[in-house]
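A.B. asks: Sequence:
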Amino acid sequence: MRKKNLALIAGASGVSVAALVAGLVVVPRLSPEPPMIDHRTADDLGVRASGEVRYLREFEDIEPNTDVEITRLVWARASAVAVTPHGVTGVGPSDGEQRWHYLVPGTDVAVGFPGGGEYIAVAHTEEGLFEDQVNEVLLDPLTGEIENRTVLSPAGETTTPEDVVAHGSEHSRLLFLKEEGQTFLVAQRRQDQEELWRLDPADLCGGDPPSEDDVRLASGSSNAYLSVLCHGQGAARIAALDFGTGDLVWEREFTAEGLDSPPELLLADYGTDYGTDTDAYARTLSGEFGSNYLYLSDKDGGTFGADLWGIEAVADVLPSPGEDTGEAPEAVVVGHPDTVNLTVALRGAALLVETGAVGIDEFDDHLLYEDDEQIRLIRDSLERSGVHSLNLVLDGLSHVG
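Here the sequence shown is numbered in numbering that gives the first Met the number 0, starting from 0 and rising by one per residue.
Keep in mind the hints are simulated off the structure, nothing from the lab. By construction, the Cβ of each residue, glycine as well, lies at the ideal position given by its N, Cα and C atoms. Certain hints may be false.
What the hints assert, rightly or not - Pairwise CB distance ranges (calculated):
#, residue 1, residue 2, range
1, N390, R197, 40 to 50 Å
2, D370, D191, 27 to 37 Å
3, W196, N147, 17 to 27 Å
4, S285, L393, 31 to 41 Å
5, S397, G180, 54 to 64 Å
6, W196, L44, 36 to 46 Å
7, E287, Q181, 27 to 37 Å
8, D246, L128, 34 to 44 Å
9, N390, V150, 45 to 55 Å
10, Y368, F129, 55 to 65 Å
11, G180, L381, 39 to 49 Å
Kindly generate the complete structure, drawing on both the sequences and the hints.
C.D. replies: Below, the structure written as structure tokens:
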């Protein structure tokens, strides 16, 4: 009778009788039901319009027509994407209607935009029989179609959904993993978690391991960027790493005596997903960092300036970057010098027009467009590019004050 009871217990729990008799096995929890995933592509919903959002002004005019709570609206790969607490949905530029959606109702999800907004990464935790796991999908921003699906196990302190989607590219993800008390930056292949390369942040601090709070990570279209505060050396280092190999592309060192945190990394390239909370130009021109920031070239890390700040009246009104004295700034804007030069001029001009510091009639028609019967200034270097456009902006700004 005793053996029969053990057999019944074993059959119900999936554990062998021998293991139960030996007293070595704890009966695992019953396999939980996976969350329901509501995924509909543009093709599923019969959406035929392209949904392309070409310019910044088109993106900023979008008003999502949905009852779903939206935490932020992102411009990713010429598409408008609404992030919600439970997933993402594509938004039509002309009518604000839903183009596609990927939702996990009742489950908190993490959403990231690897490759500078080329794709959408959506991840959530699922309870497993023995351990939890993180499920991640990579979505096409235009159609909502799944480009890649991965299950990461086990889910834990260093493989949370937020960590999984935060940094990387289409083909790889970047994670901070702890092993035997050490923390490493590890690049994994997205589809199978195979390790591609790893970096010990201590290598940037002469072998002295920095704390978690002393390391910042950002990923753009082609490089990953690390900002590290090395207390033992009184220095801050900013390094660009090749996504594919982890090789050092360039490195900058600044003195950082008494600094509490490493310089913040603001990426300003064409691929970066746009939003006022993440946009490098919006944050610096708003005065968030005062003048305690620098422009660094994404090619070699060199400091560069922008023609906008050569106009004294403009620099008196807007917070220009400080001089490179060798001391660590509060933030660095990393981007292509030509792109930054034109974009900051366009964005700065638009701000000065809004505040009345300069009239819009001071700018050439080439820089203007009509919206709701109002004449407005173009603010996007994707829409107006080249030296000719830059000179027209600077000419208009010469009338400030």
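A.B. asks: Could you tell me which of the hints above the structure violates, numbers in ascending order?
C.D. replies: 2 and 4
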